[in-house]
Amino acid sequence: MTNAPEPIRGARAATAFSPTRVGAMVLRYWYLLSNSWPRAIELVYWPTVQMLTWGFVQLYVAQNSSFFANAAGLFVGGLLLWDVLLRSQQGFAFAFLEELWSRNLGNLLMSPLRPSEFIVALMAISMIRLAIGVIPVTLLAIPMFGYNIWGLGLPLIAFFVNLVMTGWAIGLVIIGILLRQGMGAEALAWSLMFLMMPITCVYYPVATLPAILQPLAWALPPTHVFEGMRAIVIDHSFRLDLMAGAFAMNVLWMIGAVVAFYKLLAGARRAGSLLQQGE
Amino acid sequence: MIEIAAPAIAVRDLGKSFGAVRAVDGLTFEVGAGRVLGLLGGNGAGKTTTIGMLMGLILPDSGTVTILGRDMPGERAALLEAMNFESPYVDMPHRLTVRQNLTVFGRLYRVPALTERIARLAADFELGAFLDRKAGQLSAGQKTRVALAKALLNQPKVLLLDEPTASLDPDTADWVRTRLEDFRATTGATILLASHNMPEVERLCDDVVILAGGRIEDHGAPDDLIRRYGRDTLEEVFLDVARRRRALAAADAETLP
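Going down the list, the sequences are from chains F and D.
Heads up, the final residue of the first sequence is numbered 279 in this note's numbering, and it's a clean run with no missing numbers.
Heads up, the final residue of the second sequence is numbered 1257 in this note's numbering, and it's a clean run with no missing numbers.
Bound-form chain D, shown alone (with noise of 0.2 Å):
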């Protein structure tokens, strides 16, 4: 008998309307143990809702998610203690320092030898000269390693990032994609990343999974998706999809009575 190691990540006939509004439109998709999948998509493609499906925080309105082999929400419980997340587009309380953050949140997840932990993060992502610092005094970059931080503090099986290089200099970000390297190197997470940013999904990404009104409109590794595209970058092919979908879009407007 074969053994296949169980996704880390299935996503079934995944649906989810607001209103009128078909947020996510029977959304299938798998990302393997220790994979990193690219979720690329434009402003209203789905993105930001899938994400809050996998985490339990949407209800969706039909199909389901598994991760680690449990039903989510159903297990939402157990499953966070082995997930976390990272996104610009929410902060850590400003008052407080940095250490004063990442000892809160060592405690919610439960860290082991929580001081040990921090102090290995601190090391890990250069926290030290700001680690007593209050969040709301640090730079962008400064704030997004803390956040990069917080993410890996329980070493999570599966991490999900919503844009980590955000409004990040290209230094800073090439630093953070290099600590997101090493981090899947060294424990084998698999790792789901939304992102607008084509050389950082090229670099990053075994697979990427193009979304658009809800549905995925093409997927594969982004070499494979270069080739068959024929061009030369991930942001070009992302274009066409794009193009593509708006060309078929206005097709279908002028045919309707």
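Excised from the complex, chain F in its bound form (with noise of 0.2 Å):
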């Protein structure tokens, strides 16, 4: 009797990382936005209203203050960074979404994408999101209220890989536990990171808040970002300390939120639920 496992087309290279298969689920999302508008537009509608209000806000708050007219751009700064922190997580998350809210996602988990090479796709798409949705808006705020987060320069980088790391950490933790809970965590993906908004200290320094608040305000990484990307505009220095820490915290959170992920995935495959995504 003969026990020999048949040969499987490429078997080998079907259990290495697969750049077709993330390249795949880009192009399935590529085709998405490009089928449908709405979804284009939307990416850029509520960056653009937030925008609008929070600059006109400035203005006002700048021909009434001394201090706010010396630190222009402070409230869109804020709002635009925050942005990237935001949308790179909902991009993220809504990628992953998409695939529940098109009965998809038992297509794709019975097919050969690995794991890591559907984290590495949803990554892409966040960023292709985020380009969409907030690069227009960064644009359009330079002749509408005078502030170029590009003028930035070298230490928008750093704000931007550390917010983008946070984002994509929480999105892989939400859709770990809607992988777990399914439909029912949907919300999360939605409102998880507005959690962090008055904690991470977007509009305002931390010896705002509460003594006690503020340990739980530098444990989050977002918030060195807008310590430094504030001490940019008051101080015209960039704060090499924050945004190291923030990147060393960053990597935990992604190892954190990668271990939190498989564990979570395990946990799905003994409960069944992967088979049973709905509410």
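Keep in mind the hints are simulated off the structure, nothing from the lab.
The reader is advised that the hints may include incorrect statements.
[As the list claims (entries may be wrong)] 25 Å max Cα-Cα, derived SDA-like pairs, lysine to any residue:
(1) F:K263 / D:D1071
(2) D:K1134 / F:I128
(3) F:K263 / F:F17
(4) D:K1143 / F:L32
(5) D:K1134 / D:A1113
(6) D:K1134 / F:G23
(7) D:K1134 / F:L27
(8) D:K1134 / F:I132
(9) D:K1134 / F:I41
(10) D:K1134 / F:P38
(11) D:K1134 / F:W30
(12) D:K1143 / F:L33
(13) D:K1134 / F:A40
(14) D:K1134 / D:D1071
(15) D:K1134 / F:F17
(16) F:K263 / D:P1073
(17) F:K263 / D:E1075
(18) D:K1143 / F:L108
(19) F:K263 / D:L1059
(20) F:K263 / D:G1188
(21) D:K1143 / F:N35
(22) F:K263 / D:G1063
(23) D:K1143 / F:R103
(24) D:K1134 / F:E98
(25) D:K1143 / F:E98
(26) D:K1134 / F:L100
[Said to hold, decoys possible] Short, incomplete list of chain F residues facing chain D, as computed with Cβ under 10 Å:
(27) A16
(28) A24
(29) L32
(30) E98
(31) E99
(32) G106
(33) R180
(34) R239
(35) V259
(36) K263
(37) L264
(38) A266
(39) A268
(40) R270
Backbone N, C-alpha and C define an ideal beta-carbon position, used for all residues, glycine too.
Mind docking these for me? Both chains are given alone in their own frames, and the hints should help you get the complex.
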């Protein structure tokens, strides 16, 4: 009796990370965006509305305060960086939710797509959504409010990398929870980041918070970024210490998020919840 | 030495519980290479859980699943390239056209010469008229044809079908069955079919396994089962098995203190 495994085409390659499969998922999302113009408009709509609102608030405050008059861009800069954080997380989680909404997750989970490939594809899709949603708004802020976030130069890269890492780490935990708990956890994708907003001090310094909350604020990587942004706008100095601290924390957050995701996925496999992706 | 081909699917003592519910209880069966096995059973019999474990989506509490001589889920990554499935309970993205969907899945399965493969499937499954229409705009019959085309994109050696003709009109269902027969005849693929449609099972399957309460109640070739139960159709056999089980359960309940 022969019990040797049957040869499977490209079996060795199948177990390896496949850029082709990552590309397939990115293509799938690109098709979605290009076939559905309301989705593309929605990506730009909210950042624009928010930027206009905070831009006018900033104009008003600057007209009545010499401090804010000398710190142009404090609100708009904070908002644009907040949008990088929010959109990177939502882009990551919403791309996954698209699969749940379209009842396509079963097809993907039973395909050769590896979890690691899915994660990398979600990261790439998040970057595409971020570019579509935030770049036009940053350009619009230049003529509207005289604020050019691109003028931050190299520090902007440090801000961007740190915020995107935080967004992805939170997005990864959210999709792990979605896999384990199903659509009942959908609200997390929309709302979890807003829980961080008051604590990460997007529009005000950490010193504004009650003393009891300040250690919690410093434990969140985005807080370091927003403080760093204010250091540039107000003091015209780049705080490398803040960025290094944020980066170190983000590395830990990403590791923790990956571990949590794989544990939640294993839990979903044990509980059978991958086949029950309803509410 | 006589060489016997290893079964394409071998399930041994497979067990799975969800809390207090024993969904699959010591399942053992084999599907020979190139054969079609029907997995029958009422709602909650354990069919979907079994298919989930065959695809590596659900981890068994006990037992083993071997597909094409490889351990599932241990070698899931390699195996899934040689497998595929179709079910009316999953959809393809509605906003993508049929061609876009097949392109994405073709790339996920790393299908060589994908454009030609899609053209071939479009011809076989008569998708040409709606290949560039969004999947969400298709009728149930058209969706099933597209789903089957997707399931055959990678020319799987093992194909799992979960009620492939559910909610289809008789003519379309017959058309689908004919395509499945053609696929099997031309590729020698192994097929596991979960279905409530007994005439379909009689037509397509070489063997059937009847599940109830997560266990195998009976198994055999459809004709043998019909003969053994003294019935005319597999549906009557299925009803006999279900009623016998209900009667036993009622008797057990009466004898309980």
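Here's how the hints hold up against the structure:
no.	hint	verdict
1	F:K263 / D:D1071	holds, 22 Å
2	D:K1134 / F:I128	holds, 23 Å
3	F:K263 / F:F17	holds, 20 Å
4	D:K1143 / F:L32	holds, 18 Å
5	D:K1134 / D:A1113	holds, 23 Å
6	D:K1134 / F:G23	holds, 21 Å
7	D:K1134 / F:L27	holds, 16 Å
8	D:K1134 / F:I132	holds, 24 Å
9	D:K1134 / F:I41	holds, 20 Å
10	D:K1134 / F:P38	holds, 16 Å
11	D:K1134 / F:W30	holds, 15 Å
12	D:K1143 / F:L33	holds, 22 Å
13	D:K1134 / F:A40	holds, 18 Å
14	D:K1134 / D:D1071	violated, 38 Å
15	D:K1134 / F:F17	violated, 30 Å
16	F:K263 / D:P1073	holds, 16 Å
17	F:K263 / D:E1075	holds, 19 Å
18	D:K1143 / F:L108	holds, 17 Å
19	F:K263 / D:L1059	holds, 13 Å
20	F:K263 / D:G1188	violated, 38 Å
21	D:K1143 / F:N35	holds, 19 Å
22	F:K263 / D:G1063	holds, 22 Å
23	D:K1143 / F:R103	holds, 13 Å
24	D:K1134 / F:E98	holds, 16 Å
25	D:K1143 / F:E98	holds, 19 Å
26	D:K1134 / F:L100	holds, 18 Å
27	A16	holds, 9 Å
28	A24	holds, 3 Å
29	L32	holds, 5 Å
30	E98	holds, 7 Å
31	E99	holds, 8 Å
32	G106	holds, 4 Å
33	R180	violated, 13 Å
34	R239	violated, 44 Å
35	V259	violated, 18 Å
36	K263	violated, 13 Å
37	L264	violated, 14 Å
38	A266	holds, 8 Å
39	A268	holds, 9 Å
40	R270	holds, 5 Å
When held up to the earlier numbered hints, the structure conflicts with 14, 15, 20, 33, 34, 35, 36, 37 and fits the remainder.
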